[in-house]
Amino acid sequence: MEFETVIGLEVHAQLLTNTKIFCNCSTKFGGAPNSHACPVCLGMPGVLPVLNKKVVEFAMKMSLATNCIINKSCSFARKNYFYPDLPKGYQISQYAYPLSEHGYVFLEVDGAQKKIGITRIHMEEDAGKLMHDEHNPVSYVDLNRAGVPLIEIVSEPDMRSPEEAADYLKRLHEILVYLEICDGNMEEGSFRCDANVSIRPVGQKEFGTRSELKNMNSFRNVQRALEYEVKRQQYIVENGGNIVQETRLWDDAQGVTNSMRSKEEAHDYRYFPDPDLVPIIVDDAWIEAIRKELPELPLAKRERFVKDYQIPAYDAGVLTADKALSNYYEEVVRLCRSPKAASNWVMGDVLRFLNEEKRDIRNCPITAASLAEMISLIEDGTISGKMAKDIVEKMYKTGSAPKAIIAEKGMVQITDEGELLKTISAIMAANPNQLGDYRGGKDKLFGFFVGQVMKATQGKANPQIVNELLKKMLAG
Amino acid sequence: MISKQEVEYVAHLARLEIDDAQKDKFTSQLNDILLYIDKLNELDTTGVEPMSHAIAVTNAFREDRIVDSLGTEKSLANAPDGRGEFFRVPKVIE
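For the record, the sequence lines run as chains V and H. Numbers in my numbering are just positions in the first sequence, counted from 1, shifted up by 7. Numbers in my numbering are just positions in the second sequence, counted from 1, shifted up by 41.
If we strip away everything but chain V, and leave its shape as in the complex, we get (with noise of 0.2 Å):
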């Protein structure tokens, strides 16, 4: 039988606010244990939340960038459960009125863009952190997450395939990152992913039961987990099982979904109206001033390079996919006015130093001058693409500019013809068996006699100049 699989994604972002989203305890990550902690997020007795504007702000702009309607009116509600990292015994959240609805993404799939529906995006407070004895049965709590704000951002079940859920994430990672709103650290835990994916027969309108993936901390786990829960549900359905709506678990060392042992009733989270919290009212002006704040996002500057860089849409996706990567490229071709040689170099040698040592574009020791100055020596002829190749790489290791490394090393390219002129005749004439052979009509010694010529001048001659001078030089 074939199978068509459906997923929606359930993200939660952490935002970049100085403050929790209800008190003034700092959302700084890695202070000492419980020390970012204060009445309100403690969950004492008598307390009354505030919310953080910030917040509000922050998840306003996500709206817009993924086209969500802003509700004119949202209000917090309490979701209702005991677990020892929610102090309250229930999280502050947004239940029936949340700050926007119907947004969409677009992702690319086969050359076409396809639409992602997002049903909602709402504003929440994290849970603690617990860590549990390894001996003892018990575990230890670490309240300075409680209170950092996040955003739910949720899908529609719109994605047909594992690849189509990995790729929706990074859209959706990137937009965040562009606005500056999260830093989208997954490993930390500031970017977060749960999945529901279900299976059914091609065909079938109705949705198959679904179970809902947790604990994958990678986008390529994200993918992986995805791609083994498909065919796990297929291996039931196909010997005649019924697949069981429940949570289930990546291991990653494994590489297997396992069912979390489920309590005997389903959650029952009794939402009701936050009485501490007061509804939020948004108005037009609110909101333009917030679109008026949006930086350009990755879609719209992906499509502005491929229009005026004239560079390949697969490049431009490349050097959009960071934004600190697409600023530092426009700094670069700015000055040396090449996009194409720039996103080159950019692309190749750049990127493969920095993946190589997982080293961030922000830190990279070749600056966006330096590359931009060594781009221009290759256009003006100083030195040969060849002889950038050794020059970058000695940039990213000292951090020198090129103009510098080029004297030191004494690299500058020969382009002056009576030079090169020379070196030809004394090769020519070293080597009198190959020259009868190539005028004799072995053209494919040609190769040889450039091989001669760059051995002879340490790769410094200008390969233009080398070929015109030899054709003409060996032809006799």
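No lab work stands behind these hints, which were simulated from the structure alone. All figures in this text were calculated on a predicted structure; none of them were measured in a lab. Take these hints with a grain of salt, some might be off.
Unchecked claim - Calculated lysine-lysine pairs in the PhoX-like style (CA-CA distance at most 20 Å, straight line):
1) V:LYS95 / H:LYS45
2) V:LYS60 / V:LYS35
3) V:LYS95 / H:LYS115
4) V:LYS330 / V:LYS365
5) V:LYS479 / V:LYS449
6) V:LYS347 / V:LYS308
7) H:LYS132 / V:LYS136
8) V:LYS330 / V:LYS299
9) V:LYS478 / V:LYS467
10) V:LYS177 / V:LYS121
11) V:LYS136 / H:LYS45
12) H:LYS115 / H:LYS132
Chain V is already provided as a structure; the job is to place chain H on it using the hints.
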């Protein structure tokens, strides 16, 4: 009408231990409350916006400025059990 089973269920969700006599008592009391609330349903509320709040205040915001927290020691001061810089709780693995 609310049943005794529903009272048991809600009590369990709230981690309340109640005995059988209390279950009967709460079932009848909760039903009285629901009956009373039902009376409000007799009012015609056509065209009245639903409200979630008793006071007509909206947009009460706070600026995003850090104020000193309590610090680890004070945060843990009232905890029934703690160790070092952490609260200590019975292990719960879902």
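Do the hints match the structure? See the list:
no.: 1; hint: V:LYS95 / H:LYS45; verdict: violated, 27 Å
no.: 2; hint: V:LYS60 / V:LYS35; verdict: holds, 18 Å
no.: 3; hint: V:LYS95 / H:LYS115; verdict: holds, 18 Å
no.: 4; hint: V:LYS330 / V:LYS365; verdict: holds, 17 Å
no.: 5; hint: V:LYS479 / V:LYS449; verdict: holds, 16 Å
no.: 6; hint: V:LYS347 / V:LYS308; verdict: holds, 16 Å
no.: 7; hint: H:LYS132 / V:LYS136; verdict: holds, 13 Å
no.: 8; hint: V:LYS330 / V:LYS299; verdict: holds, 19 Å
no.: 9; hint: V:LYS478 / V:LYS467; verdict: holds, 19 Å
no.: 10; hint: V:LYS177 / V:LYS121; verdict: holds, 15 Å
no.: 11; hint: V:LYS136 / H:LYS45; verdict: violated, 37 Å
no.: 12; hint: H:LYS115 / H:LYS132; verdict: violated, 24 Å
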